[in-house]
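Protein chains in written order, with the working numbering: chain C, 1 to 510; chain X, 1 to 510.
Check the hints yourself; a few may be wrong.
Intra- or inter-copy, both count: the list cannot distinguish identical chains.
[Claimed, not checked] No farther apart than 16 Å at their CA atoms in a straight line, the calculated lysine to aspartate or glutamate pairs in the EDC-like style are these:
{"hint": "1", "residue 1": "Lys63", "residue 2": "Asp315"}
{"hint": "2", "residue 1": "Lys16", "residue 2": "Asp114"}
{"hint": "3", "residue 1": "Lys338", "residue 2": "Asp249"}
{"hint": "4", "residue 1": "Lys348", "residue 2": "Glu173"}
{"hint": "5", "residue 1": "Lys63", "residue 2": "Asp249"}
{"hint": "6", "residue 1": "Lys2", "residue 2": "Asp317"}
{"hint": "7", "residue 1": "Lys269", "residue 2": "Asp249"}
{"hint": "8", "residue 1": "Lys2", "residue 2": "Asp78"}
{"hint": "9", "residue 1": "Lys338", "residue 2": "Asp79"}
{"hint": "10", "residue 1": "Lys473", "residue 2": "Asp315"}
{"hint": "11", "residue 1": "Lys63", "residue 2": "Glu76"}
For the record, the hints were derived by calculation from the structure and aren't laboratory data.
Now for the letters of each chain:
2 protein chains.
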Amino acid sequence: MKRLSLIDAGFLLAEKRETPMHVAGLHLFTLPQGANEQTFLHRLADGLRSADSFQSPFGERLKVGRLGLLGPAYWETDDSLDLDYHIRHSALPKPGRYRELFALVSRLHSTLLDRNRPLWEMHLIEGLQNRQFAVYSKFHHAAIDGVRSIHLTQSMYSTNPRERIHYSPLSMEAAERYRAALARQLPGREPLGERELRNVAEVLKERFDSGLHLYGALRRIAGAWLGKEGPLAVPWHDVPRSAINTSVDGARRFVAQSWPFARIRAVGKALDGTFNDAVLAMCSGALRLYLQSMGELPRESLKAMVPISLRREGDLDSSNAVGATSTDLATNIRDPIKRFKAIQASMKAGKELFREMSPGEAQLLMELLQLPSLLLMPLGLTSRFPPYSTVISNVPGPRQQLYWNGARLEGIYPASIVFDGFALNLTLVTCGDKVDFGITACRRTLPQVQRLIDHMEAALVELEEATGLSQPKGKKRPRKKTTAGRKKAATGSRKATPAKKKKAKAAKKG
Amino acid sequence: MKRLSLIDAGFLLAEKRETPMHVAGLHLFTLPQGANEQTFLHRLADGLRSADSFQSPFGERLKVGRLGLLGPAYWETDDSLDLDYHIRHSALPKPGRYRELFALVSRLHSTLLDRNRPLWEMHLIEGLQNRQFAVYSKFHHAAIDGVRSIHLTQSMYSTNPRERIHYSPLSMEAAERYRAALARQLPGREPLGERELRNVAEVLKERFDSGLHLYGALRRIAGAWLGKEGPLAVPWHDVPRSAINTSVDGARRFVAQSWPFARIRAVGKALDGTFNDAVLAMCSGALRLYLQSMGELPRESLKAMVPISLRREGDLDSSNAVGATSTDLATNIRDPIKRFKAIQASMKAGKELFREMSPGEAQLLMELLQLPSLLLMPLGLTSRFPPYSTVISNVPGPRQQLYWNGARLEGIYPASIVFDGFALNLTLVTCGDKVDFGITACRRTLPQVQRLIDHMEAALVELEEATGLSQPKGKKRPRKKTTAGRKKAATGSRKATPAKKKKAKAAKKG
Numbered sequence: 001m002k003r004l005s006l007i008d009a010g011f012l013l014a015e016k017r018e019t020p021m022h023v024a025g026l027h028l029f030t031l032p033q034g035a036n037e038q039t040f041l042h043r044l045a046d047g048l049r050s051a052d053s054f055q056s057p058f059g060e061r062l063k064v065g066r067l068g069l070l071g072p073a074y075w076e077t078d079d080s081l082d083l084d085y086h087i088r089h090s091a092l093p094k095p096g097r098y099r100e101l102f103a104l105v106s107r108l109h110s111t112l113l114d115r116n117r118p119l120w121e122m123h124l125i126e127g128l129q130n131r132q133f134a135v136y137s138k139f140h141h142a143a144i145d146g147v148r149s150i151h152l153t154q155s156m157y158s159t160n161p162r163e164r165i166h167y168s169p170l171s172m173e174a175a176e177r178y179r180a181a182l183a184r185q186l187p188g189r190e191p192l193g194e195r196e197l198r199n200v201a202e203v204l205k206e207r208f209d210s211g212l213h214l215y216g217a218l219r220r221i222a223g224a225w226l227g228k229e230g231p232l233a234v235p236w237h238d239v240p241r242s243a244i245n246t247s248v249d250g251a252r253r254f255v256a257q258s259w260p261f262a263r264i265r266a267v268g269k270a271l272d273g274t275f276n277d278a279v280l281a282m283c284s285g286a287l288r289l290y291l292q293s294m295g296e297l298p299r300e301s302l303k304a305m306v307p308i309s310l311r312r313e314g315d316l317d318s319s320n321a322v323g324a325t326s327t328d329l330a331t332n333i334r335d336p337i338k339r340f341k342a343i344q345a346s347m348k349a350g351k352e353l354f355r356e357m358s359p360g361e362a363q364l365l366m367e368l369l370q371l372p373s374l375l376l377m378p379l380g381l382t383s384r385f386p387p388y389s390t391v392i393s394n395v396p397g398p399r400q401q402l403y404w405n406g407a408r409l410e411g412i413y414p415a416s417i418v419f420d421g422f423a424l425n426l427t428l429v430t431c432g433d434k435v436d437f438g439i440t441a442c443r444r445t446l447p448q449v450q451r452l453i454d455h456m457e458a459a460l461v462e463l464e465e466a467t468g469l470s471q472p473k474g475k476k477r478p479r480k481k482t483t484a485g486r487k488k489a490a491t492g493s494r495k496a497t498p499a500k501k502k503k504a505k506a507a508k509k510g
Numbered sequence: 001m002k003r004l005s006l007i008d009a010g011f012l013l014a015e016k017r018e019t020p021m022h023v024a025g026l027h028l029f030t031l032p033q034g035a036n037e038q039t040f041l042h043r044l045a046d047g048l049r050s051a052d053s054f055q056s057p058f059g060e061r062l063k064v065g066r067l068g069l070l071g072p073a074y075w076e077t078d079d080s081l082d083l084d085y086h087i088r089h090s091a092l093p094k095p096g097r098y099r100e101l102f103a104l105v106s107r108l109h110s111t112l113l114d115r116n117r118p119l120w121e122m123h124l125i126e127g128l129q130n131r132q133f134a135v136y137s138k139f140h141h142a143a144i145d146g147v148r149s150i151h152l153t154q155s156m157y158s159t160n161p162r163e164r165i166h167y168s169p170l171s172m173e174a175a176e177r178y179r180a181a182l183a184r185q186l187p188g189r190e191p192l193g194e195r196e197l198r199n200v201a202e203v204l205k206e207r208f209d210s211g212l213h214l215y216g217a218l219r220r221i222a223g224a225w226l227g228k229e230g231p232l233a234v235p236w237h238d239v240p241r242s243a244i245n246t247s248v249d250g251a252r253r254f255v256a257q258s259w260p261f262a263r264i265r266a267v268g269k270a271l272d273g274t275f276n277d278a279v280l281a282m283c284s285g286a287l288r289l290y291l292q293s294m295g296e297l298p299r300e301s302l303k304a305m306v307p308i309s310l311r312r313e314g315d316l317d318s319s320n321a322v323g324a325t326s327t328d329l330a331t332n333i334r335d336p337i338k339r340f341k342a343i344q345a346s347m348k349a350g351k352e353l354f355r356e357m358s359p360g361e362a363q364l365l366m367e368l369l370q371l372p373s374l375l376l377m378p379l380g381l382t383s384r385f386p387p388y389s390t391v392i393s394n395v396p397g398p399r400q401q402l403y404w405n406g407a408r409l410e411g412i413y414p415a416s417i418v419f420d421g422f423a424l425n426l427t428l429v430t431c432g433d434k435v436d437f438g439i440t441a442c443r444r445t446l447p448q449v450q451r452l453i454d455h456m457e458a459a460l461v462e463l464e465e466a467t468g469l470s471q472p473k474g475k476k477r478p479r480k481k482t483t484a485g486r487k488k489a490a491t492g493s494r495k496a497t498p499a500k501k502k503k504a505k506a507a508k509k510g
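Using the sequences and the accompanying hints, generate a full structural model.
Structure (structure tokens):
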């Protein structure tokens, strides 16, 4: 039995009907040539069901004692696993566009996982156009974070289009093969074994002598609260109220879209920044346009929670090894270049906090910073005191083209968590030569959230034009034609950008 | 604003993730000749969405004060109704048998309704074989009981296969037309108007002088606890432990099947009993076979909660006007005739309690008897002290053949509530010349519940043979061939008995 860390358990404590704490990936595939959809999907399901020992977290359910989640919690093996419950076969109503797919995913993402069973569901979805099919996989955040979910994905699929696996992707065998492959890629490092997760008390004891760095970091955070730390943004400080920051209910709306990795990366390079800076600037510009269109752009800038991975390379076992910085999105700055620079400075200041810390220290700081918001949620206070305006999460996805029994993986669209108090989550996965964005929103608070897709394209074009990467087409409304063309699409009828058919190279993009 | 009765609110108070308190109907239709499924279903959905004022409960959401459900609760008009949320379009994976339909309904029935919105969902389901489609409609039991749901059904559909309605079935207009039609059928009676629901204190005051009947009834119940009231069964008294009586989790399994009304009615007549007595005997026989096959038949008899309608004719507005008797299922009696007689006697004794009471008195008694079990549920005590073994609910359905814009209604299969402590619910709707059974069970506790369908047929055959209505085919296992034939079917691949194609007569069967 593995013990849950305090952060893991926090996601269970914070969960309510209105704020499920699960994360999901919508995987889009193209059927292999000549394959019959019905037969192919039934074989995939049979393959999944053939497991008898399971890689974590598929076979583990939650076990708590008399104190419930206030006492220690563990993952224990579920000996009566009902695979027909977890693996589900769904279909889209005709005509089977992305619109119908997003509607189904919005619904699936709105329901709570059953805490009496291992905390996951997998839905094979047939009936998509263009010989595609989809797999929506849902996990509780107590069991998995973004980086672990990508490890899991890579352990389940193959880089070889001709490979037909004879073991279940859920099985221990899949995990062991993946661990062995990673060990070959990282020679000289021992692949980490199963490791008992520790509670905060043990962590505190172990890191007792590392208090100096931590003390410095906490001083700087206190300074930021007093306005003395320049671009360092911290939770709860100066978070403006906007349409996004209200209490939420249980229904979600999910939309997704892909952009070429190279386009966003080029903007970052042109401004001496990272890919991540460019993503934040693109999202910031989109949020500005979105709030402006509703006449609700606040005078103070929005603040984003930007998760950062604290996972050591090769750690496949920790459920959550993720921290977060609070980043100023500079939505109150009109000029796109100045906005980019402000975001970049804020992101830098946030990372600075962690610069001299060990991963252990960083994780401890994160727990100290994050726990208050997780623990405030059950009290219903985060909607009155939102610690952030939104979440923007960048998850590095697989760099190689993946296949599942010959079906080509075209995209990994993440569906994530909406919190009481910030009703919007923008998560992206870099996948081959594309960036797959998934937007998850509270259905009631942000009913027109699909428009954000248009605004993201417009914000990217604005950055491209400001940096001279492309020529403005008009003055008032740049690239009018393109934007108009995308408009129709964003209501749901558009095809998400498919991955190019040429073999994706394992290019170095990090 | 209408106030919720204590029973209505009790269903909200008793609700947990593991025990959702919604009820549903699975309506099976045949497409009109020549209609294209996709176009037809889209038109139905558009028609539903065209409403701007709603008949109850479609437009009403729950409103509670500071005390939550412990204080007074009301239904208030939801001015921001999001019809796209409530009306959903789904599809079945191929090959689109009843097996796939039941799997989807099992899942849809496992998720909680969103309490921030009116407490209903409607799913149009395409992809069934044989030019059929299905509609799964789900309502919170706080808003609706079985009889009210049939009134609602009748107000939404038409008896004329050629009628194409120009108003939404959800609209106030549909309700008003139905009210007017009922008034024509019941001349001399004023159709009841909207009526403020009263809380128990008011009811108590109003009925203060009717205490005598009530006092007598409570005395008899006390007597039954002491074993002095013959066949009168009361909640909690002598309820044996069986596989059905354990705590439940949130996942459901739903299966359905139809039987000819005439077959069951004939058994009742042959034994000087009612149709309802025959239904109970059929279910009792099936439960006996089911528990025997698992080697778990308890020595004491199972007790069923049998809801009885306390609704005055023409009352379309009360959310819940339903009581319950506790009926001895005599599962410890081997002889089918003796078993029938014991059930009949117990049912008679249960009804006797109410014989001299006015509907108001009966309802008050019911509230006194039912509230303890509803209120015990949040404490998790009903699984340790189950008040009943199972629920068997008989809902009189429409007698006339109904159509929705020309699509013929082939069956109304009810999906109902599983309680903590009794993991099985057998509900039936008499629909034209058929009886449509819906079996709802906790997925974990009763994994092989589809076998009950076979056992119900076997139990009916046993009664038919015992009464001489049919000849036994063999000695050890009567009608072996038929039973074997049905066996394959019960795993899910069987077609539910479709209604006969000839025009169903509005025969008097009550």
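Against the structure, the hints:
1. Proximity of lysine 63 and aspartate 315 under a CA criterion of 16 Å is satisfied in neither setting, with 23 Å inside one chain copy and 48 Å between copies.
2. Proximity of lysine 16 to aspartate 114 under the C-alpha cut-off of 16 Å is found in both arrangements, the shortest distances being 13 Å within a copy and 12 Å between copies.
3. In this assembly of identical chains, the alpha carbons of lysine 338 and aspartate 249 never lie at most 16 Å apart, being 36 Å within a copy and 54 Å across copies at closest.
4. In this homomeric assembly, lysine 348 and glutamate 173 never come within 16 Å of each other (Cα to Cα): the closest approach is 41 Å inside a single copy and 62 Å across copies.
5. Taking identical chains as interchangeable, the C-alpha atoms of lysine 63 and aspartate 249 lie at most 16 Å apart only when they sit on different chains, with a minimum of 15 Å there against 28 Å within one chain.
6. Taking the shortest alpha-carbon separations for lysine 2 and aspartate 317, only the intra-copy value of 10 Å comes in at or below 16 Å, while the best inter-copy value is 53 Å.
7. Taking identical chains as interchangeable, the C-alpha atoms of lysine 269 and aspartate 249 are never at most 16 Å apart, the minima being 40 Å within one chain and 53 Å between chains.
8. For the homomeric pair lysine 2 and aspartate 78, the shortest alpha-carbon distance inside one copy (13 Å) is at most 16 Å, but the shortest distance between copies (46 Å) is not.
9. In the homo-oligomer, the alpha carbons of lysine 338 and aspartate 79 never lie at most 16 Å apart, since the shortest distance is 57 Å inside one protomer and 43 Å across protomers.
10. Neither within a single protomer nor between protomers do lysine 473 and aspartate 315 lie at most 16 Å apart by alpha-carbon distance, with minima of 48 Å and 67 Å respectively.
11. Only within a single protomer do lysine 63 and glutamate 76 lie at most 16 Å apart by alpha-carbon distance; the minimum there is 6 Å, versus 41 Å between protomers.
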